[in-house]
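As a plain string of letters, each chain reads:
There are 2 protein chains.
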Amino acid sequence: MKSEIIAVGTELLLGQVVNTNATFLSEQLADLGIDVYYQTVVGDNPDRLESLLQLAETRSDLIILCGGLGPTEDDLTKEVTAKHLGEELIQNTEGYKKLLAFFETTKRKMTENNLQQSQIIDGGIALPNRTGLALGTFYQTADHVYLLLPGPPSELKPMFIEQARPLLEQNFPSEEMLISKVLRFYGIGESQLVTELKDLIETQINPTIAPYAKPNEVTLRLTVKTKDKHAGNQALLVLEEKVLARVGEYFYGYGDDNSLPKVVVELLKERNQTITAAESLTAGAFQSALGEISGVSQVFPGGFITYSLETKAEFLHIDDALLKQHGTVSQECAEQMAIQARNLAKTDYAISFTGVAGPDTLEGQPAGTVWIAVATSEGEVISQKYQFTRDRSHIRNSAVMQGFDLIRRQLLRKNKCEYLFGFFLLFVIKNDMISTMKCRTDL
Amino acid sequence: MKSEIIAVGTELLLGQVVNTNATFLSEQLADLGIDVYYQTVVGDNPDRLESLLQLAETRSDLIILCGGLGPTEDDLTKEVTAKHLGEELIQNTEGYKKLLAFFETTKRKMTENNLQQSQIIDGGIALPNRTGLALGTFYQTADHVYLLLPGPPSELKPMFIEQARPLLEQNFPSEEMLISKVLRFYGIGESQLVTELKDLIETQINPTIAPYAKPNEVTLRLTVKTKDKHAGNQALLVLEEKVLARVGEYFYGYGDDNSLPKVVVELLKERNQTITAAESLTAGAFQSALGEISGVSQVFPGGFITYSLETKAEFLHIDDALLKQHGTVSQECAEQMAIQARNLAKTDYAISFTGVAGPDTLEGQPAGTVWIAVATSEGEVISQKYQFTRDRSHIRNSAVMQGFDLIRRQLLRKNKCEYLFGFFLLFVIKNDMISTMKCRTDL
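Chains A and B, in that order, are what the protein sequence lines are.
Taken in order, the first sequence gives residues 1 to 443; the numbers are from this note's numbering.
Taken in order, the second sequence gives residues 1 to 443; the numbers are from this note's numbering.
Quick caveat, the hints were computed from the structure, so don't treat them as lab data.
Be a bit skeptical, because a hint or two may be false.
20 Å max Cα-Cα, derived DMTMM-like pairs, lysine to aspartate or glutamate [as the list claims (entries may be wrong)]: (1) B:K98 with A:D391; (2) A:K2 with B:E50; (3) A:K346 with B:D360; (4) B:K107 with A:E169; (5) A:K269 with B:E79; (6) B:K346 with A:D228; (7) A:K214 with A:D228; (8) A:K181 with A:D228; (9) A:K225 with A:E169; (10) A:K198 with B:E79; (11) A:K198 with B:E50.
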């Protein structure tokens with residue numbers, strides 16, 4: 001089944017309102033197994049809307065119109081569509097009663113034009129509006145279904161979910177369901193990811209692979225169309241294994257509602273460990289990203305923002321001479337920041353950020369130069385220099401995400417070490433052998 | 001001149017991404033006096049894109065395509081449009097150099113498909129991409145102009161403003177110019193703002209008033225269409241005065257590229273004053289917003305994130321007994337945090353945030369309860385309790401913005417006091433009168 005979404009409203013064409021309705025409806029339709037081929041926005045103009053309806057009938061089975069059901073002059077969707085279908089507009093009794101009750105309760109004067117709102121297209125099914133006054137219509141011909149929904153998202157969403165969706169499911173039961181799985185990657189660009197998976201992507205039919213680049217990460221959505229849930233999940237698993245065999249190094253988690261900070265907080269919680277930070281150029285952005293995650297207080301007591309040389313020296317008790325000798329954008333400074341922050345906050349881990357946010361250079365170093373260091377409770381300190389690009393905002397954000405990835409890898413490495421060490425102990429016991437093992441830091 | 005915007009990308013039709021590019025471009029085109037009649041979204045499908053191009057040519061002079069310029073298989077906008085126009089794709093030397101430089105700097109592997117990004121349509125003008133790699137194209141035929149822009153908003157926006165807009169202005173000079181002015185408000189909701197200005201908005205013809213709500217602020221765009229720049233500016237000024245006479249209390253600044261943090265940093269710079277912060281529930285979000293503004297190091301040396309009771313006591317040397325007696329979500333704690341942070345950072349101002357980010361209650365207080373305090377170098381301390389709503393993210397963000405507004409008002413109040421005091425001194429001198437004047441804190 002092919003569908004398209006037509007949003008009606010000059011305010012959209014003037015850029016005053018974002019068309020989030022199209023996004024919401026598209027997501028819902030994908031979920032119902034209904035393909036969306038076009039989203040269009042047209043102004044409050046009867047002729048242009050009429051030509052669009054004619055065009056839509058040549059290419060879609062389901063035509064969803066949103067907006068233009070209200071009481072004002074320029075709300076003309078219902079009128080134009082009714083005329084197009086050769087139908088009249090009729091008053092809906094329930095809708096009319098609700099309209100009267102609303103104006104009685106709010107003690108507002110009901111103007112004549114409000115009667116428009118409780119009209120529907122004759123021959124159609126009225127869709128009650130739980131959160132507003134304008135009724136929707138579900139209208140079916142031999143070849144097409146028309147669905148008219150109100151423009152305000154707060155009215156459109158409940159009306160679609162509660163009224164329209166059940167009608168669509170009932171009239172067009174989908175034999176096949178869509179199951180999808182989102183894999184999240186950090187540290188690999190979209191183009192490289194796609195190159196690594198080129199043959200898988202080129203030969204994809206079912207399941208499909210859709211890459212999507214976001215700032216500082218790439219996601220892959222694997223989607224299968226299936227009649228059998230178990231077989232569908234199995235197909236996704238097989239594909240996922242193929243994908244991870246090639247780019248698993250960059251994979252950090254599943255799901256739309258996931259992020260590097262979330263994964264790091266979860267890992268710390270699992271291990272009952274804590275973290276702090278000392279931030280210079282990122283000025284709290286790392287810690288604020290931690291703070292966004294509920295329950296973070298279990299793993300994060302607080303930290304430092306040391307933007308100037310003076311606060312690096314005073315808040316963190318770093319030797320002034322060291323800062324002046326090596327500069328604040330240096331490995332020495334980054335490492336001292338992490339070591340001292342960990343000592344002061346008494347945490348298992350500390351991370352530090354120092355660098356040049358730009359646009360100007362600092363201490364002779366170009367914008368984008370960043371040192372990140374991690375100190376652990378075992379006395380280990382790792383540090384790394386990065387060169388990020390683009391503008392101030394992107395540089396700061398890249399540094400923060402790189403920091404989360406460093407910590408994540410550190411946490412997983414520990415895990416891997418412990419796992420290997422456990423294995424080794426078993427081996428020792430089994431073989432009655434004495435040996436020493438040092439956990440390699442580059443595992 | 002009639003135009004339409006075509007966004008290309010299956011991710012839009014699946015509801016994974018909101019089409020904010022169409023909104024941005026529509027706003028820009030309105031500003032240029034170019035009418036937008038349609039916005040369309042089509043998937044990564046060459047046949048459907050080709051039919052859409054054919055349709056667009058029958059109804060629009062300017063056809064703007066966005067998305068599909070990247071390096072992957074499904075980035076087909078440039079290829080399909082070139083074929084439609086009977087042109088080849090050619091490498092652009094500057095773009096190619098930038099591509100090579102990017103992969104050299106970031107030490108990432110450049111794959112073959114990246115070469116797509118530095119290609120443009122032969123015969124067109126290359127539009128450099130300051131914030132990314134994929135070039136845009138401006139291509140003109142006898143009857144139409146084609147403009148190809150990248151999909152990521154962070155690339156599309158600067159490319160349109162810096163590259164495409166000047167070309168459009170130059171090729172299609174409008175007899176009438178649009179002059180607009182953006183007024184920014186904090187502390188008033190969109191519906192209240194619109195209600196206060198109801199008659200002005202309803203009778204608007206030229207200039208027009210367009211309200212736009214963003215998280216935690218509302219903007220009003222006043223726009224005049226005029227042949228005479230001076231008269232246009234005068235009309236805007238008259239309207240602005242009317243607006244500010246009613247809602248000036250909430251007005252904080254002008255311009256699209258402005259924000260409360262920016263205004264605060266500018267005010268501090270003007271006064272040669274400095275600020276620090278101690279953040280609990282906001283966990284660095286206030287200081288990170290400061291850090292986003294270039295040149296902030298002049299006014300911000302650093303600060304504290306004290307998420308736990310322990311770090312409040314240890315980092316800020318707050319009496320443990322006070323914290324335990326009053327709780328951390330209290331006026332006493334907020335005030336001590338601000339006082340101690342200011343002492344430690346040796347700044348003119350300190351601001352503190354403590355509260356319940358949610359979703360759970362804390363110390364018996366509901367999510368959204370927030371105390372904010374400001375301490376000044378004159379020993380003054382003000383504090384205020386707020387009850388914010390919605391989710392964790394909104395609560396934290398609301399607290400940060402409220403904090404910036406508190407500081408802004410404090411800075412302006414000082415100014416007002418000094419001004420009044422100067423006036424008073426003149427008066428004293430003039431009248432040979434002795435008196436004392438205390439600066440009221442509620443001016």
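Hints, verified against the model:
A distance of roughly 16 Å separates the Cα atoms of K98 of chain B and D391 of chain A; the hinted pair therefore holds under the 20 Å criterion. Taken as a hint, the K2 of chain A and E50 of chain B pair is honoured in the structure, with Cα atoms around 18 Å apart against an allowance of 20 Å. A threshold of 20 Å between alpha carbons decides the hint, and for K346 of chain A with D360 of chain B the separation of about 26 Å lies outside it, so the pair is violated. Annotation: proposed proximity of K107 of chain B to E169 of chain A is violated, straight-line Cα distance about 51 Å (limit 20 Å).
A hinted pair counts as satisfied when its Cα atoms are at most 20 Å apart, and K269 of chain A with E79 of chain B does not qualify at roughly 49 Å. Between the alpha carbons of K346 of chain B and D228 of chain A the distance comes to roughly 67 Å, so the proposed pair goes past 20 Å and is violated. Pair hint K214 of chain A plus D228 of chain A does not hold up; C-alpha atoms about 32 Å apart against a cutoff of 20 Å. For a cut-off of 20 Å, the pair hint linking K181 of chain A to D228 of chain A stands: about 16 Å separates their Cα positions.
The suggested pairing of K225 of chain A with E169 of chain A holds, with an alpha-carbon distance near 17 Å, which does not exceed 20 Å. Taking the CA atoms of K198 of chain A and E79 of chain B, the gap is near 19 Å; set against the 20 Å cutoff, the hint holds. At roughly 25 Å between alpha-carbon atoms, K198 of chain A and E50 of chain B are farther apart than 20 Å, so this suggested pair is violated.
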